Amino acid sequence: QVQLVESGGGLVQPGGSLKLSCAASGIIFRFYAMGWYRQAPGKQRELVADITSGALTNYLDSVKGRFTISRDNAKNTVYLQMNSLKPEDTAVYYCDARLLERRYWGQGTQVTVSS
144 QVQLVESGGG LVQPGGSLKL SCAASGIIFR FYAMGWYRQA PGKQRELVAD ITSGALTNYL
204 DSVKGRFTIS RDNAKNTVYL QMNSLKPEDT AVYYCDARLL ERRYWGQGTQ VTVSS
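Mapping the sequence shown onto our numbering, position 15 (from 1) lands on 158, and the numbers just tick up by one.
If you're looking for bench data, these hints aren't it; they were derived computationally from the structure. None of the values given here were measured: they were computed from a predicted structure. Among these hints, one or two may not hold up.
[To be verified] Below, computed lysine to aspartate or glutamate pairings styled on DMTMM-like, alpha-carbon distance capped at 25 Å:
1) Lys-207 <-> Glu-244
2) Lys-207 <-> Glu-189
3) Lys-186 <-> Asp-204
4) Lys-186 <-> Glu-231
5) Lys-186 <-> Asp-239
6) Lys-162 <-> Glu-189
7) Lys-162 <-> Asp-239
8) Lys-229 <-> Asp-204
Working from the sequences, and respecting the hints, build out all of it.
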């Protein structure tokens with residue numbers, strides 16, 4: 144049974160930082176590309192950042208220079224370090240795991256940026 148469990152969300156003031164984690168089980172983690180998506184109320188889900196099995200990264204333009212995605216294959220975990228957070232970063236953040244036709248999603252974690 145595949146599970147992706149996100150953690151680390153919460154309420155933070157503008158300019159603050161959070162680090163999200165996504166722990167995977169039931170897959171051979173090192174083979175999978177991993178991604179972080181977000182969905183704000185009334186908006187479509189969008190890709191925030193992803194990282195290939197070879198650790199190549201890609202970022203949404205609006206988060207470049209503020210967010211960093213990384214992975215630890217020994218811990219089967221992908222991270223999203225979020226700095227200089229803005230109110231427009233408020234959303235539910237989801238991680239996904241992709242390999243060929245296989246795709247799995249986590250349940251999401253809420254990030255709220257507000258003073």
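A quick look at each hint next to the structure:
The hinted pair formed by Lys-207 and Glu-244 fails the criterion: a straight-line CA distance of about 28 Å is larger than 25 Å. At most 25 Å may separate the alpha-carbon atoms for a hinted pair to count; Lys-207 and Glu-189 meet this at roughly 14 Å. Taken as a hint, the Lys-186 and Asp-204 pair is honoured in the structure, with Cα atoms around 17 Å apart against an allowance of 25 Å. Pair hint Lys-186 plus Glu-231 holds up; C-alpha atoms about 12 Å apart against a cutoff of 25 Å.
Taking the CA atoms of Lys-186 and Asp-239, the gap is about 18 Å. The hint holds against a cut of 25 Å. Restraint check for Lys-162 and Glu-189: the C-alpha separation of about 19 Å stays at or below 25 Å, so the hint holds. Using a Cα cut-off of 25 Å, the hinted pair Lys-162 and Asp-239 holds, with the two alpha carbons roughly 16 Å apart. Taken as a hint, the Lys-229 and Asp-204 pair is honoured in the structure, with Cα atoms around 14 Å apart against an allowance of 25 Å.
In summary, the structure is inconsistent with hint 1 from the numbered list given earlier, while agreeing with all the others.
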